[in-house]
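Undergrad: Each chain is listed here by its residues.
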Amino acid sequence: MAAVLESLLREEVSVAAAVRWIARSAQSSEVTAPTRPQAWPESAFRDDPGEAAALSSLRPLRKEFVPFLLNFLREQSSRVLPQGPPTPAKAPGSSAALPGRPGGPPRGGRGARSQLFPPTEPSSTAAAEAPSARRGGRRRGPGPGRERGGRGSGGLEEGVSGESSPWAGGRRPRGSGSPGSPSLARSDPPNLSNLEEFPPVGSVPPGPAGRTKPSRRINPTPVSEERSLSKPKTCFTSPPINCVPSSQSSVPDTSPWGHGLPPGCRSLQEEREMLRKERSKQLQQSPTPACPTSESGSPLPSRTGNLTAEPADPARVSSRQRLELIALIYSSCIAENLVPNLFLELFFVLQLLTARRMVATKESDLEPIPGALDSLESPLFQSVHDCVFFAVQVLEHQFQVLSYLDKGTLKLLAENERLLCFSPALQGRLRAAYEGSVAKVSLAMPPSAQAVSFQPETDNRANFSSDRAFHTFKKQRDVFFEVLREWEDRHEEPGWDFEKGLGSRIRAMMGQLSAACSHSHFVRLFQKQLLQMCQSPSGTGGTVLGEAPDVLSMLGADKLGRLRRLQERLVAPQSSGGPCPPPTFPGCQGFFRDFILSASSFQFNQHLMDSLSLKIRELNSLALPQPEPSDEDGESDVDWQGERRQFAMVLLSLRLLAKFLGFVAFLPYRGPEPPPTRELQDSILALRSQVPPALDVRALLQQGLRARRAVLTVPWLVEFLSLADHIVPLLDYYRSIFTLLLHLHRSLVLSKESEGEMCFLNKLLLLAVLGWLFQIPTVPEDLFFLEEGQLDTFEVDTVTSEQGLDGMPVVDQHLLYTCCPYIGELRKLLASWVSGSSGRSGGFVRKITPTTTTGLGAQPPRTTQGLQAQLAQAFFHNQPPSLRRTVEFVAERIGSNCVKHIKFCQKKSPGAVRALLPEETPAAVLSSAENIAVGLATEKACAWLSANITALIRREVKAAVSRTLRAQGPEPAARGERRGCSRACEHHAPLPSHLISEIKDVLALAVGPRDPEEGVSPEHLEQLLGQLGQTLRCRQFLCPPAEQHLAKCSVELASLLVADQIPVLGPPVQHRLERGQARRLLHMLLSLWKDDFQVPVPLQLLLSPRNLGLLADTRPREWDLLLFLLRELVEKGLMGRTEIEACLGSLHDAQWPKDFSEELATLFNPLLAEPHMPEPQLRACELVQTNRGTVLAQS
Amino acid sequence: MILTKAQYDEIAQCLVSVPPTRQSLRKLKQRFPSQSQATLLSIFSQEYQKHIKRTHAKHHTSEAIESYYQRYLNGVGRNGAAPVLLDLANEVDYAPSLMARIILERFLQEHEETPPSKSVINSMLRDPSQIPDGVLANQVYQCIVNDCCYGPLVDCIKHAIGHEHEVLLRDLLLEKSLSFLDEDQLRAKGYDKTPDFILQVPVAVEGHIIHWIESKASFGDECSHHAYLHDQFWSYWNRFGPGLVIYWYGFIQELDCNRERGILLKACFPTDIVTLCHSLA
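Note that the protein sequences, when read in sequence, are chains A and B. Sequential numbering from 57 applies to the first sequence in my numbering. Sequential numbering from 96 applies to the second sequence in my numbering.
Everything labelled a hint here was simulated from the structure, so no lab data went into it. Heads up, a few of these hints could be off.
Which residues of chain A face chain B? A partial, calculated answer using Cβ under 10 Å [as the list claims (entries may be wrong)]:
#: 1; residue: F529
#: 2; residue: W552
#: 3; residue: K556
#: 4; residue: S560
#: 5; residue: A564
#: 6; residue: G567
#: 7; residue: Q568
#: 8; residue: M665
#: 9; residue: S667
#: 10; residue: C815
#: 11; residue: H933
#: 12; residue: A980
#: 13; residue: V981
#: 14; residue: P1065
#: 15; residue: H1139
For each residue, glycine too, the CB sits at the ideal point set by N, CA and C.
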């Protein structure tokens, strides 16, 4: 390979020819089209018969060229970027041996950084010794890498070092000058013991700044997952169902799936033991004492001196031509997608751009070796000037991609003084791109992080098999949210552990889900909540677009909360590490992952997979409404905003669902490493190849490619595959998927802009996600280069009759960065350069933007507009989803039509909404829905107008709409029924509760005990009865139980009046109620009983032994009031004589004083014998009674 | 009437071992003239209930019951007209209505062939006229009308208060033209948890979205609020999103800490309701 590079350098072969040569190895015919990057020199296209000859001899090595080139560049840069491999690179396959590979990878200590790509499998006899030949070729080379001698297995060293990088899942290299490298004398080894530069993740860095560069070291105390599982044990067994997942959340989430490993039955003690072993192993394997591991903690001299950036000078660039050439060929490889990860290369280039200084070496090294310019004999980068020159060269070629980055990155690039110094032209173009950038598109995602709403259609009793199931689910819903709230409150607390805190509660709840129907209910709830909480970017730790926040203004902010959040961010593990982070479950996603793990229920997992698959199919095939072909330029803009928003919503949902589907589907197979032996692997492959996939993703991918919907399908497929286990890429089924994806990747040449071509940002999104996928630890690192020979086996026959999604501008920068937050690493890198502390800095950009989870409750919106938007969201939240779809559909269509016909919206929308919604929709809901539709449609129309018509007209339009709306007004809500009041009633009567309470007090006073000064006035009693009348007539607040008690109390009161038991308050002291007053009160009561009570009044209580007994105790006994009352009752028809008779009859059982019984008999017999008495006789009766009373008193 | 925790504690401190009589209430009103009567009564009642819950068991041991019954018998034996049962309840620091129940139950056990059912006892407490013993009937009645925290009358008053506030709230909602579904309608539709009102179109109060409103005609103290949160408010949130709780007799200020989470507390009907307005900004 070096020969190719050398022949290039000697100009025996032109760059264009070389690129064609390389690309042809992929046999992707598309490359024949001129695909030159911008600023490609014309001379590069010279073709020469000699070239072909020069290259043809190297034919078998063709596909190894790119890995060689990339490794070469990494190796060359190791002196400038000595602080480790912020450019993550795939280490040689540690144990990801592919079938057919003769043996395990070589082992030994070696600078892992320089080994970017592993040897690929020999594809021909000539290349049978390719790996060694390649290494040999390298050995022939004069570069520093060559001098390192025996290449070891950097990968393996990773495997035992007892540390794993948080972004590499334990397989990525760390530290350029890694232990065991003999070249340490030349390049300063990174001081891994310097805690300031390499603070363990999880510890609080001493300074305020975090690090931009991916953390390479983690605090190894809790032995990470892959470590504990590298023991040949549970790799391929599913976790025991009843095995309680061990506590894990205190462990930094280093593995891609965090807790996804077989629930360990590890104790801390075991971990410590393993740690000790690992440490001793590592010490044995690191011959260089200069590279102690961080935990040894020996304070070595700090390298902070190196942090000062050396000025870069274009005039001092050595071997300019050579650098130009290599930059060109490197850029061409990038442009042709011959490199696995576009953004990784950009990151690398930016690292070169921002290199601080060359690591001090022997003076002679800095001098160009004479006559070696055309070969690889001398180091490529001899100074910082070289690095910067090379970087700027590459950036010039990659300008098109750069121009699509977010505004913040563009600004930092445009402001980079080195860039300005080396290429004022590029700086100018970047500045122009920055100024023209509108990459601050707001997605306007709903801030909804609410609970899934209860929908009677799916959630009421009719949907359950039994009352029990219904009530069980009711409880489960509450437990689920209780657990969720507790997680929200506590998951960031140090020492809190998901499993310990919530595990048993979750399992107890899952245990109640006996019926399959209950499972499906719960899964629906779980999935909906997942979508609600994690779909929005804020739930996944998205980064802020646009201008990078100013550190000073941030620190100067007087808000304590901000500083607190800053502190939290510094303590919290970084959500995104490096340009190629492993798949993680940021924010709320962590809850759902841990829930699945803690629940450890196979029924639940199965139902969840079914449900996720169905939803994925549904969303994936969703016909995203296509904007009508526009006849006016402006109109399409109006529509594309909505289009993009909807696309983003669907895409983000799909990605989330697919990620969880992948997580659950591959959960039983997940292990930290591939199987240790070939035999084992074969048997596993045999087993696995017969298992049908959880979801036929291959068919969906093929459909997606055919229908030109790759931009929708591929991003979620990548999420799904990112959680696959090590075996998956080896299975025929998935292998064919990877082949398709590789083919697609190669075809996404950004510089191609022809009719029917995919939109630029769509391509960029796919390149980013695919590039990321190719770096996932479980994807064999050589897959990218290995597969290329087979690319021609599959032809995608796209049905391009209609324009698919791929050709529509559905992706914007916001979506790109939301899906691929790691692209933001470019900005962080540049920002850290500005901050001048590249060694450990840079995180500040991210840290200011807290990526904490969205609270379950929404933050109070600050503006009226925000509040209104939130209200609209909230409105839809509790309505069936169809309502929202209808409203949006109407708004979309009407808004669009209105623009065409400039009529207006409020007349059409309500009718359309009404026509589309079900008839039983409540009036208020309908009215709101209509109004929102009008508002949205008007908004859309206004958006168009604002772009096309003058402000004056716009105001007119708005005013007209407002007027119309106000005139319509919300229909007055129907007044509640009158509940028996008269029409004129104003409901000012005293409250029933108040009256019961008042009467109770009187009763209490009457029966005592009471203080000497206590009593009631007759006026008060009269007033009370008056109020009772009012209350009984108003009835607004009256409920039957209250009325019943009032009736009973009124009878008790009458009994006390009759027995003269009411203590009357008044001068001078307590006394009895006057006869006339008592009678007046009884009259009032009679009238209430007759006219006002609507419940039966228990008048028979008047003659109960207890109430009559009140009379028995009085001396002299006063019968006249009782007789008066009874006569009146009979008179008014309130009681019949027979009824009274019956009551009196029952009195015989009671034990009375003998004389009392006799008196009773004497008095009542005439009463009962009396015929119907007309009104006038009352007064006579009174007289009689008075006499009788006197008689009685005398007796 | 929103009280700070400190203010509340000061009031609660004065309620320790105070019998639930109207005399006690009168004194309490004098002690805290600035507080509304209803609030004080609500606080008193809740504190007293907490006290009874704590001490309930010790009054229900068979020894205790036997001892109370003997004291009752001795007391009424000396003077049936004296407030024997009421005095006994106050003396042993137990609610008069509950003491009446203990004695009534014990009495019936002695005088009936079969042990009395709960419904029989409840019915007799509601209408002491049914009690076969005249003296006991009077004693029980006296306990019930003098107890301001327990008993059928108090229960009825509480129920009535709750109902009245729901009606009040309904009228206020109608007055504001806010359409809603009430508890009965929700139950008819098969909702498994039903707040007093669900707004068909949400509103905002003090910047917080409100989907449902629950009326509580009591004072929101820590104990009751936490119980309500667990049994009702969070369940509503889990189904309908954020909502509003109106504690008509006030609450402890510090409990209003879940606003951001979606549970807003108020002591009255909110005045600044923002509705989804449809005119263009």
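Undergrad: Run every hint past the structure and note whether it holds.
TA: To see whether the hints hold, each was checked on the structure:
no., hint, verdict
1, F529, "holds, 8 Å"
2, W552, "violated, 19 Å"
3, K556, "violated, 22 Å"
4, S560, "violated, 18 Å"
5, A564, "violated, 16 Å"
6, G567, "violated, 20 Å"
7, Q568, "violated, 15 Å"
8, M665, "violated, 25 Å"
9, S667, "violated, 20 Å"
10, C815, "violated, 33 Å"
11, H933, "holds, 6 Å"
12, A980, "holds, 3 Å"
13, V981, "holds, 5 Å"
14, P1065, "holds, 5 Å"
15, H1139, "violated, 24 Å"
In summary, the numbered hints that this structure violates are 2, 3, 4, 5, 6, 7, 8, 9, 10, 15.
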